[in-house]
Structures are given as C-alpha cells and as structure tokens.
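J.: My request is simple: use the sequences and hints to build the entire structure.
These protein sequence lines map, in sequence, to chains C and R.
Taken in order, the first sequence gives residues 0 to 378; the numbers are from numbering that gives the first Met the number 0.
Taken in order, the second sequence gives residues 0 to 262; the numbers are from numbering that gives the first Met the number 0.
I should point out that these hints are in silico values taken from the structure, not numbers from a laboratory.
Do not rely on the hints blindly, as some may be mistaken.
Pair ranges (Cβ atoms, derived) [said to hold, decoys possible]:
| no. | chain 1 | residue 1 | chain 2 | residue 2 | range |
| --- | --- | --- | --- | --- | --- |
| 1 | R | Ile113 | C | Arg87 | 52 to 60 Å |
| 2 | R | Trp44 | C | Met143 | 40 to 48 Å |
| 3 | C | Ile327 | R | Pro169 | 41 to 49 Å |
| 4 | C | Ala176 | R | Arg152 | 17 to 25 Å |
| 5 | C | Met351 | R | Pro169 | 54 to 62 Å |
| 6 | R | Val68 | C | Ser28 | 30 to 38 Å |
| 7 | R | Ala149 | C | Met143 | 16 to 24 Å |
Some chain C residues well away from chain R (every beta-carbon gap over 10 Å; in silico) [to be verified]:
| no. | residue |
| --- | --- |
| 8 | Glu20 |
| 9 | Ser36 |
| 10 | Gly42 |
| 11 | Thr128 |
| 12 | Arg182 |
| 13 | Lys224 |
Values in this document were obtained by computation on a predicted structure and should not be read as measured data.
Beta carbons are placed, not taken as given, at the ideal position from N, Cα and C, and that holds for glycine.
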Amino acid sequence: MFTDKSRSRGTDAPGAGLSLEGIAKHYGSVRAVDDVSLTIEPGQFVTLLGASGSGKTTLLRVIAGFLEPSAGRVLIDGRDVTAVPVHRRNIGMVFQSYALFPHLSVARNIAFPLAMRGMRKAERRELVTQALESVHLPGYEDRMPAQLSGGQRQRVALARAIVSRPSLLLMDEPLGALDRRLREVLQVEILKLSRELGLTVVNVTHDQEEAFTMSDRIALLADGKLVQYASPEEIYTRPVSDVAAGFLGEANLLRGVLTRAADGRLTLPAQDGHVEIDAATAVRSAPDAGDEVVVVVRPWSVGVERLGRDGAEPGAPCWLRGRLSAVIYAGDSQKLIVERPDGSEVVVRRSMDGQFEAAPGEEVLLTWSSRDAVVTTAG
Amino acid sequence: MRAGLFVRVFGLVFAAILIIPTVVVTATAFTEGSIITFPPQGMSWRWFEEVLTDPVWTGAIRTSLTVGVLAAVIAVLVGTSLALAAARSGLLPSSLVVAVGMTPMVVPLVVVAIGVYFVYVRIGLYGGILSLALAHAVLGVPFVLVNVLAALRSLDPHVEEAARACGAGPVRTLLRVTVPQILPAALIGGLFAFITSWDEVVVAIFLNTPTLRTLPVVIWGQVRSGLEPSTSAVATILTVVSLVVFALTAAISSRRSRSRRVH
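T.: Listed below in structure tokens is the structure:
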C-alpha cells in the first residue's frame, strides 16, 4: 500500500501540507505545548524556533508521532493522523545525533526506508546512488558510519530521510552538533535539496541565524505557546511582542505608557530623552495615550554623535542621552554599548568607516527616526 | 601514576599466589611417571592420550560441552529478553526485573542446587541433560542480563526512533536495529554463561547420575578415590578451554569498542 504511494510520487511532486489544530501536550501541570495551531503549505520550509524549554522539540515529536498530544489534531494532506503510529506516517527524520544504524553500511542505512516499504533490492540500489549524489557523497556506499566525520554522517542521515520521498521531512536541531562553517555550508545544501525535491520541511532550532537563512516561515515558540508565525522578514520588522522582537535579531526595547503631547503627537516618557512614536509602525491596533507599549529600536537604526557642550535639548523627534560604556569590534561592524542614566543599556551598531572615534566614558547622543522604530506590546 | 616499590612487590607476590596452583597442576599433567609429582618427571603427552581415549573422560567432556552450550544458549535468550523488558517495555519496573534476574548470583549455590534437585525429582525432570543445562542456564542469566542491559542503556535512543521514522514497526525495529546492536554484548554474556556451566560443580553433583557426569563431577570423584596424572591432564584441558573462551570475549569486546571509537 505504501509502496504504491511512494512510487507514484514523481521527483517534482511537492511534499504534503500539514495542519496542527489546537495541539497541546501536558506533563502533569506542566504545559510543554499549549494550544498551538498552524498550517504549513506543501513545499514550505518552516522552522520551529525557540529557546530550550519552549516546546519546539515536543511539538516536532507530536508531528512525527513519537508523542501523543493531550489535545488537538495533526493533519497531513487533510488526513487526521493523530492516531497513526510513526512508521505509517510516511515521514523522514533527521536527528542532531545523526542516529545512523551503526551496524549497517552507508548504503544499507539509506536503503532501510526503501526496504521497509517493500522495494526490491535492484530498485533500491539506484535510488541509494541518487540519494548519495544529492548529498555530495558519491561512492560512499560501503563505508560504515563509524568511519565518517560528523558532517558526512549528517549527510548520510539526510539521504536516508529523503530517499523514500516522504511527505514530510522533520529535522530536530540537525546542525547543532557541527561547527559553524560546516553548519553554514549544510544550511544552504539542505535548503537547495528540499527546494529541488519540493519537500515540506519542519526544522527545529534555537539558532535564529539558521532560522533566518533557511525558512519560508518561522513559528516562534515561548513557554509552549506560539508567539508568532510569519516570514522571517515579517517577524523581524513587525514583531508582535517584545518576546518576538528580542528573539529575532538584536533589539533595544523601550517600555512605558504612552502620553499625548500638546501638539497631538504620541510620546513615550524617557528620562534624559525624548521618544516620539509613529502610529503607522504599530504592529497591532492603533496606539493611544495610556497604552502600555514596547518600542523596538534595532541597533542599526540608531545614530550616535558626541554630545554638544552647551547641553541644549536636541530638536530631533527621537533621542536619548547616555554614556558610552563599551566599544566592541565585530569584524566589519562596530558595536557600541551606551549606558543610560537609569542604568539600562542601549546597543548601537555602526559601520567602521567615516565615523567619529568613540571612546568609552564619553557622553553621547543617540537619535533615530520614529519610522524605524516599531511599536508593539509586552508578550 | 607510578606504583611504589611495596605495591609492586605485593602485586607480584599476590599474582604468583593466584597463578602458581594452576601452573603446578598443568605441569604435573606432563609427567612421565604414574603418580602426581612436582616438579614432573620428564615430559610426555601420555596422560592426555589416556584421557582422550578413556570413555569415562571423553563422555564427561562431551556432557560438559553439551550442557555448557545449551546453558549458554538458554541464558542468552532469557537474559536478553529480561534486559529488553527492563530497559524498554515499561510494563514492569526495571529494578524489579533486574533484581529477579540477578538472584542466582546472590543465592548460595548449594541452596540453588538443593532447590533444583527437589523440584526436578518432584516433577520428573531429574537426570536429563536438558534439565542440568536449564539449571546451569539460570546461573548464567545474570551475566547476559548485566551485559545486555549496559549495552541497551548506552544505545542512542534516537537510532530506534530513526528506524520508526523510516517505516519500521516496533517488531522490525527490535529485530533489525536493536538486537543487532546488542548482539556482541549478548554473545559475551553467553560465553560467560558457558564458562559458569563449564566449571560448575555443586549443582552438577546434585543432579549427577551414572550417565550424566560433567568433567568437574568426574574430577571430584577422582580426587576422593586417589589422584592420577590423568586428572591433572583433564584439569589442564578445562583450563585451556576456559582461556580460549575468555580470549573470545576479549576479542569481541575489542572489536566492538573499535567500531564505536570514531565519534
């Protein structure tokens, strides 16, 4: 039955669509996953992103079928598979620990899913060769897993996961055990491969860079809840909460209650500063006076200059005063940390050229355009 | 860390005390004379020839080998099943399964022997070679259980999950992924079970009949009725077989660790 299904799938046929409806997983009073619903279109690459303990791995294991959800349904291509055991879900899976079968050669590892689907030996061989070529390991058929490096093992694991053209490819921190350079190479390779094969991929990571590089959409999780499910660009530019803003990219978060000035403009009260907000940048409903908000200012949006001696208030709509506490060189950019009179810190990024020489201890003025800030709420 | 002089001398003396009896017995087997003397007189294989042509000794060797192999096979099957039940099933508490499986190591051998003797006589199993093998298998189970359990606990649980994701059901995962990985450990446990049976004398005496005598039982009889160098020759054979089996276990574990080293 499965043989027919997997064979009828052409190489360019897209993967399946996946829907999660109100998934919850409780351990006693702990809600590891709390009412998560999301839909993944066929062929999409979706990353479940979150800190450890956010429930991302639990959610992936529910999708795979290793865990039964306490509530909710898992649908693959519209079919309810919540009660279907793992081995009948037609998935491919890649683990952080590679999880190759140590007693089997590379070829037999990759042929394993085909053998389980009842494919004959002669047919298996050709697909194994193809799969090894697609992960750039041609000729490795007879090696044993113990003879391979970490990167090679993960390539073999990937080949094993895709060889049977699964409707879903699930990856649990697949690159977590590899060094940075190899990780970047494999990110691109996995993405290309999944696009070529039209696979639907659910990837779990805590690495926001990986999520940015690879994903069509990111499902941001915190404390078992889905915080935001959107494209990487949208989560970066329009984070629904301070949690989302803090997780994707560096962010300065200014908190407070909005007040309306005499001229009708909304401002956020700030000691030794002035923060106007642009209502058009609000992620949720239009903000009003009395709203408790979080204003997100990205480090690259902030300009920094030496404070004038006269002590006159600057005319800019958004500015803050502070003392430079650290200057960190980060390759092609410079990271400045500015301490505010109230003890909080503001991070500024700037390019290396054509800037004034900054030294720790200097009083500086930070300015930005209210259009570059985002008004959101505490999550 | 270098051992001090005292520790080294003590170690050497202790090693000598452990090895000398075996060396002496082995040496006396090669005597030309007809009584056991040390140092042996001359050098000859005559007592080995005698042993290998005497039907009492050859019969005992055959019985010991048969009982040992059967006991090892049964111990491997039972011990592996118990280990899987302890580590994977979740039906019974793992500690309970382990405690039950380990009792033969704790209970005094003579108690086991008397118990088995009474039960066998009662239910009519007394006197069969399979019955003796079964009793010996019980003594071998702990070795298999401990070895396989350790192997199971050192396995990456994701490997079995990967098999499930590849489309293998629970039974095929067990047979094609889990069992092959614990096979070396089960084999080593089985070899220990064989050795346990091979030199076991208490249970074997209780269950012996004129036609069912293992090597140690016959040696025991000889010791009581007067020693001949043939007994030393048998003891030497017993020792050599044990050494070969231990060499096998060492070979298996070194192969296993070599295949795991690259990580």
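J.: All the hints need checking, so say for each whether the structure fits it.
T.: Hint-by-hint comparison with the structure:
no., hint, in the structure
1, R:Ile113 / C:Arg87: 52 to 60 Å, "holds, 53 Å"
2, R:Trp44 / C:Met143: 40 to 48 Å, "holds, 45 Å"
3, C:Ile327 / R:Pro169: 41 to 49 Å, "violated, 54 Å"
4, C:Ala176 / R:Arg152: 17 to 25 Å, "holds, 21 Å"
5, C:Met351 / R:Pro169: 54 to 62 Å, "holds, 59 Å"
6, R:Val68 / C:Ser28: 30 to 38 Å, "violated, 55 Å"
7, R:Ala149 / C:Met143: 16 to 24 Å, "holds, 22 Å"
8, Glu20, "holds, 22 Å"
9, Ser36, "holds, 24 Å"
10, Gly42, "holds, 20 Å"
11, Thr128, "holds, 18 Å"
12, Arg182, "holds, 19 Å"
13, Lys224, "holds, 26 Å"
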